[in-house]
Amino acid sequence: MHLWPHWLALIVLTPLVGAALTPVVALIDRRTPTWWALSTMTVTSFAATMLVLRIFHEGPFSYVPGGWTAPYGIELHFDEFSAVVGVICLVGWLAVLFSSRYTDSLPEFARGRTPYYYTLLLLNCGGMIGFTVTGDLFNLFVFMEVLSLSGYALVAVGGERIAEMAAFKYLLMGAISSLLVLFAIGFLYGITGTLNIADVTARLHGFEGPTAPAAVALGMLVVGFATKAAVFPLHVWLPDAHAAAPSPVSAVLSGLVVKVGVIGMIRVYRIYYGSGMFDLTVLNLVLIWLGAISIVMGAFFAVFQDDVKLMLAYSTISNIGYIVMGLGLATTYGVIGASVHIFNHALIKATLFFAVGAIIYRTGYRTLTDLRGVGRAMPLTAVALSVGAISIVGIPPTAGFLCKWYIALGAFQADRPFFGFVLIFGALLIFIYYIRMVNAFYFREPVHAEVAEAKDAPVSMLLPTLVLASLCLIMGILGRVPLTFIEPGVARLLAPLGG
Amino acid sequence: MLTALWHNIDYVASVVLFCIGLYVVIAKNNLIKKFLGLNIMETAVFAFIIALGVIEDGQPPIMTGDAHGPFASPLPQTLVLTGIVVAVSTTALALTLIIRVYRRFGTIEADELRELE
Amino acid sequence: MRRPIAISLAFLAAVPLLAGVAGLPVHGDPSAPVHTHVSARYIEHGVEEAGASNLVTGVLLNYRGLDAAGEVTVIFTALIAVLAVLTVASTRDADASNHDGRVRRSDADRRHPDHPVSPIVHFVVRLIAPFTALYAAYVILHGHVTPGGGFQGGAILGGLFIALTMVLGKERTRPLVRPVLAPWMQGAAVLTFAAVGAVGALLTGVYLGFPVDPSLRIVRDLMLIALEVGIALGGAAVLAMIFLQMEAS
Amino acid sequence: MEVVDIRPLLAPAMSFACAGMVFLFGRKTHWRRFWMLSAATIKMLIVLSMLPGSLQGVVYTFDLVDFTGGIGLGFRADALGMFFALVSSSLWVATTVYAIGYMREDEKRVRFFGFFALCVSTTVGIAFAENLLTFFLFYEMLTICTYPLVIHYETPEALSAGRAYLTYTLIGGAFVLVGTVMVHDATGTISLGHPGILDAGIGTGRLGFIFGLLVIGFATKAALMPLHGWLPRAMVAPTPVSALLHAVAVVKAGAFGIVRTVYNVFGVDLLDGLGFTLPLAALAAFTIITASVIAIFQDDLKRRLAYSTISQISYIVLAASMLTPFAATAAIVHFANQALAKITMFFVAGAIQRTTGKTNVHELAGIGHQMPWTMGAFTVASLSFIGMPLFAGFITKWYISLGALESGQWWFLLVMITSSLLNAAYFLPIVYLAFFKPARGAAAPMKEARPTLLVPTLVCAIWVIALGTTSEVAGMPFSLAEAAVRFVFRM
Amino acid sequence: MSLTFDIFLLLYLIAAALVVARAKDLLAASIVFSSYGLALCLLWQYRGAPDVAMTEAAVGAGITTVLFLVAIGRTTRREK
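Chains as they are written, first to last, in our numbering: chain A, 15 to 513; chain B, 14 to 130; chain C, 136 to 384; chain D, 17 to 507; chain E, 15 to 94.
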């Protein structure tokens with residue numbers, strides 16, 4: 015049997031089945047869950063590679079489990095935006111590797127949380143993968159729940175003092191947003207009688223009858239996904255949750271899980287642009303403004319944080335602002351920039367959280383004041399951190415640059431130069447923070463002996479960090495590749511708008 | 014408009030329930046209470062989706078020999094089945110977190126927790 | 136302060152929602168898209184295509200099998216999440232056998248002894264327990280013909296287990312949750328879906344495919360029943376373990 | 017004629033590599049010196065090796081990476097860039113020697129020399145930047161690399177000066193970036209390889225916006241008033257850094273940016289029709305006069321020099337905004353003239369401070385007898401600034417005046433004359449004090465600065481005279497400036 | 015399905031929800047919530063959704079309530 019057509023099903027199933035078996039293999043030995051999770055992610059990554067290769071060759075394609083063609087069955091649909099599975103697998107794989115030593119430092123893990131931790135990590139990745147590749151609205155919701163539930167638990171699993179509280183806050187907002195999405199799916203189903211995204215789009219095209227349900231559904235979907243993506247003012251759950259989680263989890267949450275909201279929004283846009291039911295100018299304007307506020311506010315709060323992880327969490331809000339703004343601009347450049355930033359920000363943020371995690375692992379401190387002088391003690395980690403830092407600011411030739419450039423261009427293309435300014439000043443604010451960080455890490459005398467005597471991170475942490483850091487550079491230099499890759503997808507998304 | 018609402022009385026009821034739930038989630042201070050509110054919201058959405066599949070003088074979509082139509086749509090029912098499972102999962106995790114929070118801080122009132130943080 | 140905001144927000148949500156529902160096709164209207172589009176085919180061909188008279192089961196397991204797979208994954212996730220969050224430092228005797236979610240006698244246990252239960256409840260629960268179990272089995276195995284199915288039956292089984300635990304105490308029900316078996320039980324539903332899906336892939340060429348050929352009808356029915364049983368066992372195990380874990384915390 | 021050649025990349029890479037070596041292996045003094053000196057020399061030789069070709073109109077280009085559609089990193093050594101690169105790379109050698117002498121006892125030498133090398137690397141990067149993005153990149157890197165130098169002593173004063181410096185220049189950088197994006201949006205290219213890429217079809221409003229953004233962005237670094245606030249405060253830095261900031265790198269980078277904006281982004285023809293440059297010229301004139309007046313009242317020698325710098329840099333801006341060939345020549349030549357004279361002065365100030373510990377002007381009475389060679393060099397530089405013929409500064413003033421006449425804006429002449437008088441008013445008293453006022457108390461015996469400080473000072477002073485006398489000699493920097501002007505004015 | 019019964023059920027649901035909202039005693043709120051679930055179950059049975067009704071009875075009214083009770087037992091019964 016040739017596996018070629020089945021990768022799409024396998025990529026969804028592998029992590030889930032792997033997760034289901036993780037508690038089983040945990041019976042064998044304390045270390046097996048790590049290796050098991052690692053090999054599961056390896057298989058998944060292989061599947062992701064095959065899928066990305068296939069879309070390079072053929073363009074978007076579908077798979078129908080059960081053989082019931084859409085709209086009667088569930089369709090898995092792989093388009094350019096789904097290629098984000100590549101980065102999900104990569105970061106997931108590295109996060110597992112990173113965790114192998116990291117979890118030793120968490121007291122709670124000495125008492126049997128380890129297998130559950132890996133199970134949740136796999137479930138989280140599996141949920142995200144399912145979410146990105148499904149072509150069915152309700153299936154989207156189901157996978158969203160898988161990844162959300164595991165995400166809530168992963169926040170709490172580290173045992174930080176406020177972890178459970180942060181997780182609960184995250185859960186409450188996440189659950190409400192999920193409900194909004196489900197409600198909206200109900201509305202769309204009520205007026206179209208179908209759940210398949212493409213079919214919903216087709217049936218809404220030239221829809222006769224009251225449009226109010228579709229409009230309400232649109233509103234709820236946007237609010238729901240914006241909450242998942244932590245767009246201002248629905249971001250309140252994010253900083254605590256991402257700061258309280260164990261660092262590899264923070265990398266996954268900040269780099270990937272919030273992006274799920276954005277991908278959800280892209281799917282929503284696909285429906286509503288495609289059906290041409292509404293003129294979305296006002297919504298887009300709202301999104302642009304919210305994006306702009308997120309950028310500035312996130313960056314502003316980030317600047318004043320002493321806690322490194324908290325500051326990274328705020329910078330995530332800022333970066334989500336970029337993406338949302340790019341989407342809202344609804345110009346080719348803007349949307350391309352936003353879509354590529356989904357990929358690149360995942361790499362960058364994971365780099366940063368890994369590096370910070372390694373530093374915390376070695377020193378036990380997490381504020382700038384405490385970590386003075388750590389750059390000299392842990393040179394390689396600090397170099398990776400610096401690379402991530404300049405990437406997130408968007409300095410060429412790193413990964414963060416081209417996307418922001420494109421989003422800024424998109425702002426000018428949409429004749430909204432003001433937002434170009436906002437974008438650049440947001441980057442500037444973040445830049446100030448990183449200068450503070452570099453200053454503290456390299457040019458101040460250590461205040462703690464642990465910091466001064468720290469050794470560079472162990473290989474299992476250093477390797478993921480450095481791999482990602484070098485990818486930040488490579489993706490910057492080869493920035494054209496993702497841009498051209500995503501372009502047909504964006505063109506298809508925006509085609510109904512004309513031009 | 015009002016007639017439309019009257020004919021769709023199931024829908025209206027679920028909207029009302031949804032809003033009551035929303036009110037509880039936002040207004041109440043106690044985390045368990047908040048989550049009771051969320052459960053009300055969830056059931057409201059389920060009621061809404063079930064109502065979508067209802068058909069006039071309908072039968073359950075079970076095709077045993079003597080059954081005759083019209084049949085209610087089976088699809089919304091499957092959605093709600095899944096939804097209920099999701100809801101109970103969320104509830105279980107939320108209550109677990111609440112228990113842990115109580116162990117750590119000795120309270121589950123949101124404002125007191127905010128001060129303790 | 137909080138209440139006015141909440142009330143206004145609730146009203147703010149109510150207005151568009153009401154406007155939205157007012158625009159929906161009239162409740163129960165047979166010509167609504169819900170009944171004419173996708174569902175129409177289910178009702179018309181569902182029985183022979185999906186192999187279940189109960190169309191809900193048919194749709195859930197066959198047409199939209201991936202949803203059901205996702206559903207069991209969700210509840211599995213919930214269990215793992217609960218286990219991960221509640222496996223806490225208070226149990227100092229931790230060792231490898233702790234991974235299984237088996238209930239341990241912890242400090243918490245000693246603080247909260249099992250509540251004494253009135254003899255009547257005790258008696259009633261014990262009396263109906265076998266019948267409940269039988270009913271659950273019926274619901275599970277007959278789910279493709281009558282209302283019910285794997286998850287409903289699983290929930291009943293889980294509920295039964297919980298009731299028994301409350302009445303008889305953990306000591307008596309613990310043997311039901313064997314350490315070696317527990318992890319398998321947790322993931323039973325997910326694994327069943329994977330296995331049945333793989334069998335389907337071998338038979339029909341698509342994952343979770345069910346053979347439609349009349350000669351293979353028995354295979355299809357077996358697959359469906361396997362799914363039902365898997366979901367039921369997994370669901371019951373998950374619900375029971377969630378309860379036990381919370382109870383033991 | 018354009019030739020693909022790696023040398024424009026190699027030049028900045030050289031000091032970059034040097035910085036790396038210093039950071040990695042800089043703990044040993046002799047190794048550090050070896051790296052610094054050899055890198056400085058090799059780099060100067062690389063730049064010099066391009067000079068003959070450049071004089072004949074050859075442009076060396078090297079595209080490092082092209083991200084997409086013209087956005088990329090590229091290097092291009094045209095005449096204008098060559099001029100700037102030549103100035104900075106040759107002065108690097110002098111400053112390196114000086115700094116080795118000056119920083120001999122300092123504890124944080126590794127950091128100092130590492131970032132020092134990085135600064136020069138980025139300066140040459142700015143000179144050779146093929147497009148606005150590359151320009152911006154090096155421009156920002158320069159900001160970052162000078163920050164550790166400014167805060168070198170880490171006193172509260174130094175830290176606050178560093179913060180002010182960063183605030184000004186980073187915000188300026190953001191303006192530049194916005195401008196760059198707008199240029200790309202308007203034209204689809206951001207290349208600096210043409211005598212103007214924008215055209216009037218874009219609309220005056222937008223053009224004005226872009227011009228404002230770029231000029232404001234660059235003016236923060238060029239310390240054009242009222243954006244000069246950071247510069248006097250940054251005087252807390254060690255003297256070689258001040259010399260670097262003022263003469264070679266930072267301020268010049270800002271001025272160079274304005275020159276690039278005027279000549280390569282907008283182009284003379286376009287700006288001539290738009291009239292944006294008139295306010296810029298007025299601002300520059302205002303800065304020249306005001307800064308000079310403030311300088312008169314400064315007692316701290318370095319602060320006086322700082323205000324003098326603000327004034328002098330505006331010459332470049334003023335000349336550039338006149339949009340005539342003569343004035344353009346002046347603008348370009350002034351890069352060298354001002355750099356050499358000012359670096360001489362800073363070297364002197366540092367030498368005095370290191371040798372006698374004096375930092376204020378009023379303490380300098382009689383110091384000319386104590387350090388005759390040093391103060392001689394100072395006198396040469398002063399005369400150059402005043403605009404005495406045979407000194408470098410004269411060339412600038414002469415060509416600006418010619419440009420003023422050429423464009424018919426006679427009031428620039430007034431500015432020139434006033435500023436010469438003011439220059440005299442704040443420099444000559446120092447010379448007078450040094451040589452003709454007896455020292456208070458017992459006259460100190462003659463005690464020159466140590467050779468590592470003295471020799472670079474004298475070399476620079478000699479160059480000030482050389483530049484002032486050899487403008488007609490072929491192969492000297494002046495002819496390079498003329499080549500640049502020919503390109504800009506499409507002659 | 016009579017309209018009166020419909021309206022009665024729906025009103026009961028809303029009333030139960032309001033009681034849940036108002037009750038200071040979390041235990042009481044949970045019990046009322048359980049009855050709310052049973053009412054829903056009844057409603058759905060009449061709406062032609064016996065599968066969902068069964069699930070709601072077992073899970074929504076049953077297990078969810080048990081979980082709430084356990085949580086209340088582990089934390090606090092009174093809402094402040």
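I should point out that these hints are in silico values taken from the structure, not numbers from a laboratory. The model shown is predicted, which means the values in this text are computed figures rather than measured ones. Worth double-checking, as some hints may not be accurate.
[Unchecked claim] With a cut-off of at most 30 Å between alpha-carbon atoms, the simulated DSBU-like pairs for lysine-lysine come out as follows: (1) Lys453/D <-> Lys374/D; (2) Lys453/D <-> Lys44/D; (3) Lys124/D <-> Lys453/D; (4) Lys469/A <-> Lys453/D; (5) Lys124/D <-> Lys469/A; (6) Lys374/D <-> Lys463/D.
Kindly indicate which numbered hints from before are broken by the structure, ordering the numbers from low to high.
2, 3 and 4
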